[in-house]
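Q: Take a look at the letters that make up each chain.
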Amino acid sequence: MEEKKNQMWAFAITGLLIIISMLYYQANPYYMYVVAYIWFGFAYGMMLQYGRFCFASASRDLFAAGVPRMAVGILVALIFFSLIQATLASTDMSTFHPAPFGLHTLIAGLIFGVGMVLSGGCASGSLYKIGEGNGTSFLAAFFGLCIGQAIFVDVTWFNGLMPQSWFDNAMSKGIPAAQMTSSFDIYLAGYVWDQPVVQLSKTAAFSGLPGISKYFIADSLINALIPAVLLLITIYYFYTRKGFLKKRAKATGGAATGFRDELAGIWSMIMASKRTTLMGFIIGIVAGLHIFVMKGMQIKFGISNFGELLTRMGHSADTSIKGTVFDPGYWYITSQEGQFGGWILEKFGWNMHDNIFFGLNNGLPEPHRNPALWMSSGIIFGAMVMARLSNEFKLKLPKGELIVWGLMGGILMGVGSRPALGCNIGAFFIRVAGGDPSGWLYGLGMVTGAFFGVKFFNWWSDRKMAKEMANF
Amino acid sequence: MAMKFEKNADGTYMLDVCGYVCPHPQIYCKKSIEKIQEGEILNMVFDNPSSAETIKQMLDQAGHDLMEEKKEAGKIIFKIKKG
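Chains as they are written, first to last, in our numbering: chain D, 1 to 472; chain G, 1 to 83.
Rather than coming from a laboratory, the hints here were simulated on the basis of the structure.
Treat the hints with caution; some may be incorrect.
Listed next, with one range per pair, are the computed distances between beta-carbon atoms [unchecked claim]:
#1 I19/D to G39/G: 18 to 28 angstroms
#2 I77/G to G302/D: 52 to 62 angstroms
#3 K274/D to T12/G: 38 to 48 angstroms
#4 K75/G to L278/D: 19 to 29 angstroms
#5 A73/G to G102/D: 25 to 35 angstroms
#6 L161/D to G39/G: 49 to 59 angstroms
#7 E40/G to D462/D: 46 to 56 angstroms
#8 K70/G to S207/D: 18 to 28 angstroms
#9 L161/D to L66/G: 25 to 35 angstroms
Straight-line Cα separation of at most 30 angstroms, DSS-like style, residue types lysine-lysine; simulated pairs [as the list claims (entries may be wrong)]:
#10 K75/G to K394/D
#11 K246/D to K4/G
#12 K4/G to K399/D
#13 K4/D to K82/G
#14 K242/D to K75/G
#15 K75/G to K56/G
#16 K347/D to K82/G
#17 K5/D to K35/G
#18 K31/G to K394/D
#19 K75/G to K250/D
#20 K79/G to K56/G
#21 K35/G to K70/G
#22 K467/D to K35/G
#23 K56/G to K4/G
#24 K246/D to K75/G
#25 K31/G to K467/D
#26 K4/G to K250/D
#27 K71/G to K467/D
#28 K35/G to K242/D
#29 K399/D to K70/G
#30 K4/G to K247/D
#31 K399/D to K71/G
#32 K300/D to K274/D
#33 K467/D to K70/G
#34 K56/G to K4/D
#35 K246/D to K82/G
This structure is a prediction, so every number in the text was calculated from the model and none was measured.
We treat Cβ as the ideally placed atom computed from N, Cα and C, and that holds for glycine.
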């Protein structure tokens with residue numbers, strides 16, 4: 001009975017999205033751009049839920065439980081995604097753009113890393129968990145990634161921390177005064193925009209490589225594949241090697257010390273969670289396909305940003321003063337949630353257009369015309385369908401300590417996703433695969449933050465366990 | 001909301017972390033196993049599906065035995081023997 005009910009829900013959600021897609025097309029064929037985001041989001045959601053694919057889990061479960069399944073899944077996804085990114089770059093079909101990097105990238109990753117452990121999921125993980133009915137993830141996403149992030153980019157609370165040189169530098173950029181009022185604006189225009197931007201294939205060391213080889217050698221092999229393989233070997237050595245060789249020696253009745261045994265050990269680690277590894281492989285491919293489709297749409301409509309289509313359709317109030325909206329052209333999570341938060345706050349009378357983030361760059365489209373927000377909604381619906389089909393959907397309202405962890409973690413994630421202009425997806429996964437080494441810097445910050453988050457939870461759970469065991 | 005870790009009259013242990021989300025179920029599972037003796041049984045009840053995959057791999061790596069696994073009304077029940 002329960003199974004039947006869940007299947008009906010899955011069909012109803014999918015059917016609703018099909019109807020929404022058709023209505024969009026009927027309203028204007030330009031909305032096919034939005035429809036593409038909806039269905040790629042839906043696919044991500046299904047894959048994330050099936051593979052229990054959460055970036056928080058990668059470092060957290062490694063530190064907390066010694067389990068490498070998610071770290072392995074992400075590295076597998078990264079390997080395949082980087083190969084497709086290189087293929088797309090070599091055919092001029094990529095929408096990827098690297099980001100300015102510096103110490104701020106590491107610090108932002110650190111804040112985000114603590115936040116994702118506290119809240120129980122990364123930016124993409126929180127969305128798929130909302131689809132499973134997880135109320136704590138909803139708290140983290142709504143109050144942290146949406147509202148918290150929007151407030152963070154619009155307030156002047158941190159002006160006292162900004163060096164005078166940043167103010168002077170920001171003022172010299174010629175940005176309209178009406179769009180530069182917040183601390184984050186000063187930070188962006190006065191500091192971040194002047195930091196180096198690196199994509200290995202475009203550096204002096206590699207740009208001279210013949211033909212398209214620079215994308216495969218520099219962006220994919222050097223920036224993603226080699227580090228990913230080295231990380232896999234390191235994780236194997238420290239977390240699973242000892243146990244595997246012991247089991248193998250016992251099974252074969254002799255010592256397991258050869259090179260073949262080590263290779264078998266690495267393979268065993270990769271295949272330990274088949275569903276996670278399989279989803280890593282497919283996510284890598286789908287994320288590449290997503291870039292291909294969005295670029296194709298841009299070519300078809302003769303645009304480089306969806307804001308141009310919104311203007312053509314008479315919705316210029318949705319766009320920034322440059323006529324743009326947030327339209328990454330690939331898998332991205334946090335900026336669109338910040339837009340949603342900003343849109344809500346404007347309904348309560350807060351002016352959200354007076355800053356660079358919304359007013360100058362990303363605009364504040366109505367939610368139903370926000371392409372990237374539809375991608376996030378698609379992730380929630382896709383995960384909900386998969387959870388329903390596996391009878392794993394359960395509405396769980398946050399209670400007690402989980403409310404505190406969800407809110408604290410969500411706010412830290414919201415704040416941590418802004419200074420480096422992205423989260424675990426936009427600042428780490430996409431950049432590493434695209435040949436931008438700053439992705440690794442953000443990743444290092446995330447892992448370090450997760451380490452401290454786990455330390456805290458270990459201390460917290462030890463206290464609770466001791467209390468429980470006092471009754472034995 | 002509170003987690004429960006109890007010793008039953010038959011000498012087995014019970015860990016109830018229903019309502020908890022990641023990473024709490026896996027952390028409490030690991031710590032509970034650390035507290036019991038080799039060969040003793042831990043019955044774990046939780047309702048966070050994402051934790052199940054991690055807990056299974058953790059048990060396998062550490063040489064513990066997942067003797068039984070079942071789903072009842074949205075809850076996941078693991079019977080674990082410490083190895």
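Q: Against each hint, give a clear statement of whether it holds in the structure.
A: Here is what the structure says about each hint:
With their beta carbons about 57 angstroms apart, I19/D and G39/G fall outside the hinted range of 18 to 28 angstroms. Between I77/G and G302/D the Cβ separation comes to about 58 angstroms, which falls inside the hinted range of 52 to 62 angstroms. Our hint of 38 to 48 angstroms for K274/D and T12/G is violated, since their Cβ atoms are close to 31 angstroms apart. Judged by the Cβ atoms, the range 19 to 29 angstroms given for K75/G and L278/D holds: they are separated by roughly 26 angstroms.
With their beta carbons about 52 angstroms apart, A73/G and G102/D fall outside the hinted range of 25 to 35 angstroms. Distance hint check: the CB atoms of L161/D and G39/G are about 57 angstroms apart, consistent with the given range 49 to 59 angstroms. Taken as a hint, the range 46 to 56 angstroms is violated for the pair E40/G and D462/D, whose Cβ atoms sit roughly 20 angstroms apart. Checked against the given bound of 18 to 28 angstroms, the beta carbons of K70/G and S207/D, roughly 59 angstroms apart, lie outside it.
Hint check: L161/D to L66/G, Cβ distance near 51 angstroms, so the stated range 25 to 35 angstroms is violated. With a CA separation close to 9 angstroms, the supplied pair K75/G and K394/D stays within the 30 angstroms bound. Annotation: proposed proximity of K246/D to K4/G is violated, straight-line Cα distance about 34 angstroms (limit 30 angstroms). Using a Cα cut-off of 30 angstroms, the hinted pair K4/G and K399/D holds, with the two alpha carbons roughly 15 angstroms apart.
At roughly 37 angstroms between alpha-carbon atoms, K4/D and K82/G are farther apart than 30 angstroms, so this suggested pair is violated. Taken as a hint, the K242/D and K75/G pair is broken in the structure, with Cα atoms around 34 angstroms apart against an allowance of 30 angstroms. For a cut-off of 30 angstroms, the pair hint linking K75/G to K56/G stands: about 16 angstroms separates their Cα positions. About 56 angstroms separates the Cα atoms of K347/D and K82/G, which puts this hinted pair outside 30 angstroms; it is violated.
For the suggested pair K5/D and K35/G, the alpha carbons sit about 41 angstroms apart, so the restraint of at most 30 angstroms is broken. Of the pairs offered as hints, the one joining K31/G and K394/D holds, with about 26 angstroms between alpha carbons and a cut-off of 30 angstroms not exceeded. About 36 angstroms separates the Cα atoms of K75/G and K250/D, which puts this hinted pair outside 30 angstroms; it is violated. Taking the CA atoms of K79/G and K56/G, the gap is about 11 angstroms. The hint holds against a cut of 30 angstroms.
Between the alpha carbons of K35/G and K70/G the distance comes to roughly 24 angstroms, so the proposed pair stays at or under 30 angstroms and holds. For a cut-off of 30 angstroms, the pair hint linking K467/D to K35/G stands: about 13 angstroms separates their Cα positions. Among the hinted pairs, K56/G with K4/G is consistent with the structure: their alpha-carbon atoms are about 20 angstroms apart, no more than 30 angstroms. Among the hinted pairs, K246/D with K75/G is inconsistent with the structure: their alpha-carbon atoms are about 34 angstroms apart, more than 30 angstroms.
Proposed proximity of K31/G and K467/D is supported: the alpha carbons are some 13 angstroms apart, at most 30 angstroms. Only pairs whose Cα atoms come within 30 angstroms are accepted, and K4/G paired with K250/D is rejected, the gap being roughly 37 angstroms. For the suggested pair K71/G and K467/D, the alpha carbons sit about 29 angstroms apart, so the restraint of at most 30 angstroms is met. A threshold of 30 angstroms between alpha carbons decides the hint, and for K35/G with K242/D the separation of about 23 angstroms falls inside it, so the pair holds.
The straight-line distance between the Cα atoms of K399/D and K70/G is roughly 25 angstroms, inside the 30 angstroms bound, and the hint therefore holds. Straight-line distance between C-alpha atoms of K4/G and K247/D comes to about 33 angstroms, which puts the hinted pair past the 30 angstroms bound. This hinted pair checks out: K399/D and K71/G have alpha carbons roughly 23 angstroms apart, not beyond 30 angstroms. A hinted pair counts as satisfied when its Cα atoms are at most 30 angstroms apart, and K300/D with K274/D does not qualify at roughly 39 angstroms.
With a CA separation close to 29 angstroms, the supplied pair K467/D and K70/G stays within the 30 angstroms bound. At most 30 angstroms may separate the alpha-carbon atoms for a hinted pair to count; K56/G and K4/D meet this at roughly 28 angstroms. Restraint check for K246/D and K82/G: satisfied, since their Cα atoms lie roughly 18 angstroms apart, inside the 30 angstroms limit.
Taken one by one, the earlier hints fail for this structure at numbers 1, 3, 5, 7, 8, 9, 11, 13, 14, 16, 17, 19, 24, 26, 30 and 32, listed in ascending order.
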